[in-house]
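Enquirer: Here is how the chains run, residue by residue.
Protein chains: 2
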Amino acid sequence: MTTSPPPSSSPTSRLGLHRVIDPPGVLPQAAWRLDASPEIATDEVRIRVDRLNLDAASYRQLRETYAADPDKIRAAVLDIIATRGKMQNPVTGSGGMLTGTVEEAGPDSPLGLNPGERVATLVSLTLTPLVITDSLYRWDGRSEQIPCEGHAILFARSVAAVLPDDLPVPLSLAVMDVCGAPALTQRVVTGGSTVVIIGAAGKSGSLSAVAARRAGAGTVIGVVPTQAEASLLREHAGLVDEVVIADARDPVALSARVEAAGGPADVTVVCVDASGCEGGAILSTRQGGTVIFFSMATSFSAAALGAEGLAADVTMLVGNGYVPGHAELALDLIKATPTLRALFERRVAHEGGRR
Amino acid sequence: MTTSPPPSSSPTSRLGLHRVIDPPGVLPQAAWRLDASPEIATDEVRIRVDRLNLDAASYRQLRETYAADPDKIRAAVLDIIATRGKMQNPVTGSGGMLTGTVEEAGPDSPLGLNPGERVATLVSLTLTPLVITDSLYRWDGRSEQIPCEGHAILFARSVAAVLPDDLPVPLSLAVMDVCGAPALTQRVVTGGSTVVIIGAAGKSGSLSAVAARRAGAGTVIGVVPTQAEASLLREHAGLVDEVVIADARDPVALSARVEAAGGPADVTVVCVDASGCEGGAILSTRQGGTVIFFSMATSFSAAALGAEGLAADVTMLVGNGYVPGHAELALDLIKATPTLRALFERRVAHEGGRR
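Residue numbers (our numbering), protein chains in the order written: chain A, 1361 to 1715; chain B, 1361 to 1715.
To be clear, the hints were calculated from the coordinates, so they are not data collected in a lab. Be aware that one or more of the hints could be misleading.
Restraint-style ranges between C-beta atoms, simulated for each label pair [claimed, not checked]:
no., chain 1, residue 1, chain 2, residue 2, range
1, B, Ala1657, A, Ala1657, 44 to 52 Å
2, A, Ala1702, B, Asp1633, 43 to 51 Å
3, A, Gly1476, B, Gly1685, 56 to 64 Å
4, A, Ala1657, B, Gly1453, 36 to 44 Å
5, B, Ala1702, A, Val1451, 31 to 39 Å
6, A, Glu1463, B, Ser1591, 28 to 36 Å
7, B, Tyr1497, A, Ala1416, 29 to 37 Å
8, A, Thr1550, B, His1378, 29 to 37 Å
9, B, Asp1633, A, Val1451, 27 to 35 Å
10, A, Ala1597, B, Ser1397, 47 to 55 Å
11, A, Asp1468, B, Arg1706, 45 to 53 Å
12, A, Pro1450, B, Gly1552, 57 to 65 Å
13, B, Ala1702, A, Ser1373, 38 to 46 Å
Glycine included, C-beta positions come from ideal geometry on N, C-alpha and C.
Given the sequences, and given the hints that come with them, work out the whole structure.
Expert: Written out as structure tokens, the structure is:
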């Protein structure tokens, strides 16, 4: 048995550590300030940025702080980016994503991007070196969508997806936003299994339902909270086999209705952003089955203690937003499934109106 | 495609729903009041209780509320149990566990218990019907260990473990308290793999290290925060192959040191109760590897977003406290591994002193 000495140099510059200015040695996301200079390392990519899409929480904080004054909001965003070398709201800690065109790709970059391709970044703006050169003069400050000019840097270990020519950009971005869910669902579901999707009429839920089908699921049961959501799901035929209306926060009612619809599940996928759904998901899953938690409202301790209290031998997965090829898979599901695309377009239009 | 009607009756009485008085229809843990009458259903078990072990948070709340007055604390606990039919602190929501002797086991109980066996319950007191008959006169109110007389009911879907004759009861209880960790570790680790245990000198960490070894791990790397913990681990030879001293909240330093010691890991097991260890665990694990989060300080969103931000294709498991046979496995590891037992006994003695 030996004790290892601290290494003399870090092996992780693929993560962008060489761009971290302050404090030195932390990951780019944790850094206060990044070096956003345009010269790229041999494994980096430079993007000509055309749009920032601020995280909703960040935009709300800025709008409230500056009483919706467009000039002040614009000045605040410019100041953050100039000071930090990235768009990370210092109050919320959150960022967003960007779209742009590949300007230069280093020869050692593993991302497979070529100059001229239109891409969206699938890693957060909180870790992306960024410079803005147009003073954001085209942004009216009234939405989190910021038309702009500037550049951004992608590290070797980053994620970006080419925007397809044959889909509207807002639709592609909405699909990419939740593309981890269908990818992990497809990986976990095996042929003939019974799959329960909690929140099946939502964006990540409907994509996951179709991914489960493609993975060979025998029965897909969609859980929705209301009659209206059930109607929406039924109108878009073929997404699920059974529709269950239940409050996912009520474990007894949910599991009984899932069982009546053909459950318990071999795999349960939690896609609703309500808290308190852990027990119901666990109880709707057979012993030896798997629960995938995608909802950011999931409580780690509620899941761990809930399974223990129910003597439930279920495998519980934290829904990782990154699975190799996730964006391509999700875009392919949308293109290949007209009913899914129709549902999605309705969701995108609806959410656009709510913001 | 059909829509399933609500079922006419619940299929889940194995969970004790028939014991729920108020509010009707919820799980026993969520209930305000349970029916703790001693007559058992054919799939239930009645335990003659000899000791309650209150959850630390619950005991602290009671002691602080009643200014450490033993009579008032005792009266409060008696009142909770008499009112609710279970020991669930209404402020903290937490319970504890109990030990006792099997008095009667229904013929349809799947728990495999026989009258006369000394057992500990491994499901929470928050869902266990309980009656106290001795006014707690033997409890001095100065510790969470309550000697008592009374009875408790175990449902069909419950967990209890027979206390071994050849180990001291406090040691067995300490082992059972964390027995989910080694059981899930053994299930996930495959032959020849590299395993990193974060918090390897602790109770769940040391058990998991030995479980990984038994599952055929090629290299076990133990991460500890201080030189003192490293010395403790080294004194108990054979528990790990390599000792790494690192702050698990610093992803860059942790992953670099793990790599220098033979990493990255195929499987990383997080057993420290510090928050902010998600990124370091993810970064210390190879692409395609697995992280098991046992720490209750784990943040679901930090894990999910952390992996996404690092483009890390890792499987992340919520550490389920229940795995069939977990108590037996953990007790067997302790008995079969003298150095593990020695470390554990030191931990138990030390923690006893801290409370």
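Enquirer: Could you run down the list of hints and mark each one as holding or not?
Expert: Here is how each hint holds up against the structure:
no.	hint	verdict
1	B/Ala1657 - A/Ala1657: 44 to 52 Å	18 Å, violated
2	A/Ala1702 - B/Asp1633: 43 to 51 Å	48 Å, holds
3	A/Gly1476 - B/Gly1685: 56 to 64 Å	58 Å, holds
4	A/Ala1657 - B/Gly1453: 36 to 44 Å	19 Å, violated
5	B/Ala1702 - A/Val1451: 31 to 39 Å	50 Å, violated
6	A/Glu1463 - B/Ser1591: 28 to 36 Å	54 Å, violated
7	B/Tyr1497 - A/Ala1416: 29 to 37 Å	59 Å, violated
8	A/Thr1550 - B/His1378: 29 to 37 Å	36 Å, holds
9	B/Asp1633 - A/Val1451: 27 to 35 Å	29 Å, holds
10	A/Ala1597 - B/Ser1397: 47 to 55 Å	51 Å, holds
11	A/Asp1468 - B/Arg1706: 45 to 53 Å	50 Å, holds
12	A/Pro1450 - B/Gly1552: 57 to 65 Å	46 Å, violated
13	B/Ala1702 - A/Ser1373: 38 to 46 Å	43 Å, holds
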